[in-house]
Amino acid sequence: MKNNSKLIVSAAICSLLFIALSGCKKDDTQKLEQRNWELVWSDEFNGSAGELPDSAKWQFDIGNGPNNDGWGNAELEYYTNRPVNASIDSNGYLALTARSELYSGSAFTSARIKTMSLFEQSYGRFEARIKTPWGPGIWPAFWLLGSDVNTTGWPQCGEIDIMELRGQKPNIINGTLHGPGYSGAGGITKSFAFENARFDVDFHLFAVEWGEDYIDLFVDGTLYQQLTPDNVTGNWVFNHPFFIILNVAVGGNYVGYPTSQTPFPQTMLVDYVRVYKEVK
Amino acid sequence: MAALIAILLLAVSCERKVDTLPLATYPTTADVFIDGFSSGLYYAAYGTSKVTAFSVDNNVKYKGTSSMRFEVPNAGDPNGSYAGGVFGTNPGRDLSGYNVLTFWAKASEPATIVEVGFGNDMGASKYKVTLTNLALNSNWMEFYIPIPAPSVLQQENGMFFYAAAPQNGKGYTFWIDELKFEKLGTIAHATFGILNGNDSVKNNVETGEEYQLSDFYATFNLPTGIDQKVGLASSYFTFTSSNPSVATVNEFGIVKTADTGSAFITAKVGNTDAKGSLTITVSGQSVAPTVPAPVPTIAADKVISLFSNAYTNVKVDTWNTHWLYSTAENQDIQIDGDDVIRYRNLNFVGIEFSSQTVDASAMVNFHIDLWTPDTTMNKTFKIMLIDFGANGVYGGGDDSESEVTVNSPPLATQNWISLNIPLSSFTGLLSKSHLAQLVLSGDLPTVYIDNVYFFNNGTTPTEPTTAAPVPTFSAANVLSVFSDSYSNVPGTDLNPPWGQTTVVSQVSIAGNNTLKYKGLNYQGIQLGSSQNVSAMNFVHLDYWSANSASLKVYLISPGPVEKPYVLTVPTSGWTSVDIPLSSFSPVDLSKVIQFKFDGNGDIFIDNIFFHN
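So the sequence lines, in the order shown, correspond to chains Y and V.
According to the working numbering, the first sequence is numbered sequentially starting from 1.
According to the working numbering, the second sequence is numbered sequentially starting from 1001.
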């Protein structure tokens, strides 16, 4: 997705990289070896309505970025740890809600939670069942970031974007790898598009299956992107633990800015996040 | 839109052998206009529009071979100053399998199309959907008009309609192409609303009244992530009243009240609750006069009537101008066959006859009959006349206006009262020859009025209809001789026997005790004791006379030393004067013992006091 400090992703350039796949048609030639997964970590978000996400599993990022620059992307939101921005809802979903409200000098509030230092893992299957928000300038994401980000820096730490969506394209998600030599607009990215459906109407399962020398991206069980060290235009930096991030950004260089026609509030609902280890 | 002129441009009949169909179903054709008229489609231009505005364009197109071309005329085009019409189909189509009408459009220059939509069948248009203010420019753009509840559109004739007006007076051209119904999974998140989504409250509604719900809409999130709002016909909604014994609501959203109480009106489209509601509180049957107002007896040739069954009325443009901040509602009712105007929620109401102003210069009185169900204790009713002056139109520096306040009494509850107000009481009215407006106001929320006219029956008023103005000076600065507002000098003789022929009495004028001198020759007032008013500056008095030609007031100190001060007569209503005491020099102001009036006619006097 992006790092905490620099990098500006050009939406224009990025759009050139879009390859809108048509629907859920499985590639007949895709080869996927049978993998056995064992659940090692999950959050089913089964707390009581109004509760903040479990602090044993998640911590909050607060504010507009460490340099107050919209998390390096000119994002507009101020992330808070208030229940109105992040809480369990009455249906047992995690609700991350972007709101149009003046708060600490920002025009919008939202939430960004991460498992940093609480749960980090190398390899495995990371999946989340999500119903996305919508509207121009709304930018929900489910992603992994190398846990050495604070020591190694970005993009050397590596980033696996399992799901990013631009609210003005509610039928398209993007999966992207960022690393040295292929970061920001140069990230190795691929789109998955519904021809006649949207990601904000029903829940969909977004997953990455990650091993020493492969990263496979899935939507609802459909493999739409297979990457190996041969596919990246720099070093393969995906051989150390990563942590999970869920967030809803408002505006930014990737997504453009909300307009007067963007409906607020906008909520990303997460049914669960589950992490597996491969059992050989 | 007005009457329609159907112009059949093309009618490709839809040849289906109906008798071979198992059920009476209708075609599900999705296409409206792709590269030509789809099966059964016809075009009908609105009768008042430029009927030649539409044509098929074989050069400009988004896709395929042709598009729909609309030439919007210039403002004032003698052949019609806007473009508009309906694309219908016969037979109707079953659109229940679709959820949106889509098309591509562009214009010769940036322009905003007034409205487009579907469901206009040139009849009841039960399922009309309208997208207003469609902003076009010279690039092809895709547009979506969602179907709020597809299941009801099983036999729809109205495929498309549009209306487009000149932009800043100038015509332009726009094109529409690939017009078709689709079922798109990328249209989502429908919301519905009535009353623009507001929770409205309507209080003090009377039994039997009707109220039309309005501003029905839907929003849909488009494939572009933005919400699109469209206006809907009422028939997409099902309405519910929480209390049908108080108010019912029919399929057209007409709420009708039946009994006292409150009802909460809500709506749904399918199973989805609509935003917005109406809370209606019914106060009961209206309280109305049971008998008509008294029939006027003044000869018609002495009357200029604005509203009366007894006379031929002059043209009144409106009995309710609905001016800003006016809450008044007017209603024409009949009582025993007599026409009466009812005002409700009256704070003020403008009544206008400016298109033909009234020349009442030969008239003497203004008459109105008034009935109110409201309590009148300490309440007022105000009547303002406005004259537009010599230029006969509003403004121009020659307008004048004046207001008369009517108190209780003569105001009375649930009784007709007849007010005859001398036009002279409208003291600020500089002219009566271009009267253009009447404004009624006051504290009575409901009034019924009848017999509103000016008249001159050859008699002049014999006494004031209103009380003298209530003095506003602080009692501490006043030494009063005759006033209901202050303590008066005790022991004063209002009719000392000085040989005068004046008939003195005290009469109640609009509830206010007033001194009346009938047939004045001269008249004294003997103060109860000698008064030192040397610290005072003025003597105040209010006086009224319709027939006096001469009137003077004197102060008298021992000697006697006296000095007259001339008062202007006759008066136009009450005249208030504050006479500098210096005017009475050489009267000794430290020893004032008497007042004296001389002159002629019938005089009404009130509020005689010294003040500083």
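Hints are computed from structural coordinates only; laboratory data are not their basis.
Backbone N, C-alpha and C fix where the C-beta goes; we use that ideal spot for every residue, glycine too.
A hint or two may mislead.
Not everything, but these chain V residues come out facing chain Y in the computed CB check (under 8 Å) [as the list claims (entries may be wrong)]:
1. N1221
2. G1225
3. I1226
Straight-line C-alpha distance at most 27 Å; calculated DSSO-like pairs for lysine-lysine [what the hints assert, rightly or not]:
4. V:K1170 to V:K1202
5. V:K1183 to V:K1061
6. V:K1315 to V:K1302
7. Y:K190 to Y:K131
8. Y:K131 to V:K1229
9. Y:K131 to Y:K57
10. V:K1268 to Y:K131
11. V:K1275 to Y:K131
12. V:K1183 to Y:K131
13. V:K1106 to V:K1061
Status of each hint after checking the structure:
1. Given hint, N1221 (chain V) at the interface with chain Y, holds; its Cβ is 6 Å from that chain's nearest Cβ, closer than 8 Å.
2. Evaluation of the G1225 (chain V) hint against chain Y yields a held restraint, the C-beta minimum of about 4 Å falling below 8 Å.
3. For I1226 (chain V), the interface hint holds, since its Cβ comes within 8 Å of a Cβ in chain Y; the closest pair sits about 4 Å apart.
4. Only pairs whose Cα atoms come within 27 Å are accepted, and K1170 (chain V) paired with K1202 (chain V) is rejected, the gap being roughly 43 Å.
5. Taking the CA atoms of K1183 (chain V) and K1061 (chain V), the gap is near 23 Å; set against the 27 Å cutoff, the hint holds.
6. The straight-line distance between the Cα atoms of K1315 (chain V) and K1302 (chain V) is roughly 17 Å, inside the 27 Å bound, and the hint therefore holds.
7. This hinted pair checks out: K190 (chain Y) and K131 (chain Y) have alpha carbons roughly 20 Å apart, not beyond 27 Å.
8. With a CA separation close to 23 Å, the supplied pair K131 (chain Y) and K1229 (chain V) stays within the 27 Å bound.
9. Among the hinted pairs, K131 (chain Y) with K57 (chain Y) is consistent with the structure: their alpha-carbon atoms are about 21 Å apart, no more than 27 Å.
10. Of the pairs offered as hints, the one joining K1268 (chain V) and K131 (chain Y) holds, with about 26 Å between alpha carbons and a cut-off of 27 Å not exceeded.
11. Distance hint between K1275 (chain V) and K131 (chain Y) is fulfilled; the C-alpha atoms sit about 24 Å from each other, no more than 27 Å.
12. The hinted pair formed by K1183 (chain V) and K131 (chain Y) meets the criterion: a straight-line CA distance of about 22 Å does not exceed 27 Å.
13. In summary, the hint linking K1106 (chain V) to K1061 (chain V) is supported, as the alpha carbons are separated by about 10 Å, within the 27 Å threshold.
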